[in-house]
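Visitor: Residues per chain are reported as follows:
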Amino acid sequence: AQSVSQHNHHVILSEAASLELGCNYSYGGTVNLFWYVQYPGQHLQLLLKYFSGDPLVKGIKGFEAEFIKSKFSFNLRKPSVQWSDTAEYFCAVNGRGGDKIIFGKGTRLHILP
Amino acid sequence: DVKVTQSSRYLVKRTGEKVFLECVQDMDHENMFWYRQDPGLGLRLIYFSYDVKMKEKGDIPEGYSVSREKKERFSLILESASTNQTSMYLCASSLMAESYNEQFFGPGTRLTVL
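If you read the protein sequences in the order shown, they are chains G and Z.
In this text, residue positions in the first sequence follow my numbering: the first is 12, and each later residue adds one.
In this text, residue positions in the second sequence follow my numbering: the first is 71, and each later residue adds one.
Misleading hints may appear alongside valid ones.
PhoX-like cross-link-like pairs, simulated, lysine-lysine; straight-line CA separation at most 20 Å [as the list claims (entries may be wrong)]: (1) K111(G) x K89(G); (2) K111(G) x K141(Z); (3) K111(G) x K83(Z); (4) K125(Z) x K111(G); (5) K111(G) x K123(Z); (6) K111(G) x K72(G).
Simulated from the structure, these hints should not be mistaken for laboratory data.
Just chain G, same shape as in the assembly:
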């Protein structure tokens, strides 16, 4: 069965700090990988996705993620966070050709001004 593990439940950083949120998945076949973000009071929205090709994926608002197949990982990074990045972040995986997406339990990120 597919599963997604997010290493950190709650992260607190100061503005301008670098960010890396860990995500590991369990699935035997080809996968699509996603990071979703939910800003306070807003819809869940897609931050970035990996489908195929370059394993380093760039998303909105300066975020990027790297797919490392050998490690079953898809960590999210941002070199310098802003107060407006305060949100909950969800890693998700979908087995290629399947319709369901499995979500991790989320990481709450607080950025101190």
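For this one, chain G is given, so just place chain Z on it according to the hints.
Guide: Below, chain Z without anything else, positioned relative to chain G:
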């Protein structure tokens, strides 16, 4: 832009009531999903539908049922609401595709069962 709308942002019901949560999408997506979101548990899939009148159980279907009579509308039904169904309910839709299946989410309905 894909738009997924949910009938209510906040709902308060009493134990034992029948509750209907409605979701409508405007992009002709085949797939529609209902999740519940609870702190520390992430999103858990309740039911999904890949076509009109078709439904599949997700990970936590107990206590819920669904209805999809039209392609754009997917309803979640709590036959007899209980306090442990107090939660945020999210609806999502996606294209049925061989490639990736990005899901688009509605704003959520925060349901409180007293």
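Visitor: Now tell me if each hint is right for this structure.
Guide: For each hint, the structure was consulted:
no.: 1; hint: K111(G) x K89(G); verdict: 28 Å, violated
no.: 2; hint: K111(G) x K141(Z); verdict: 18 Å, holds
no.: 3; hint: K111(G) x K83(Z); verdict: 30 Å, violated
no.: 4; hint: K125(Z) x K111(G); verdict: 13 Å, holds
no.: 5; hint: K111(G) x K123(Z); verdict: 18 Å, holds
no.: 6; hint: K111(G) x K72(G); verdict: 26 Å, violated
Hint check: violations occur at hints 1, 3, 6; the rest are consistent with the structure.
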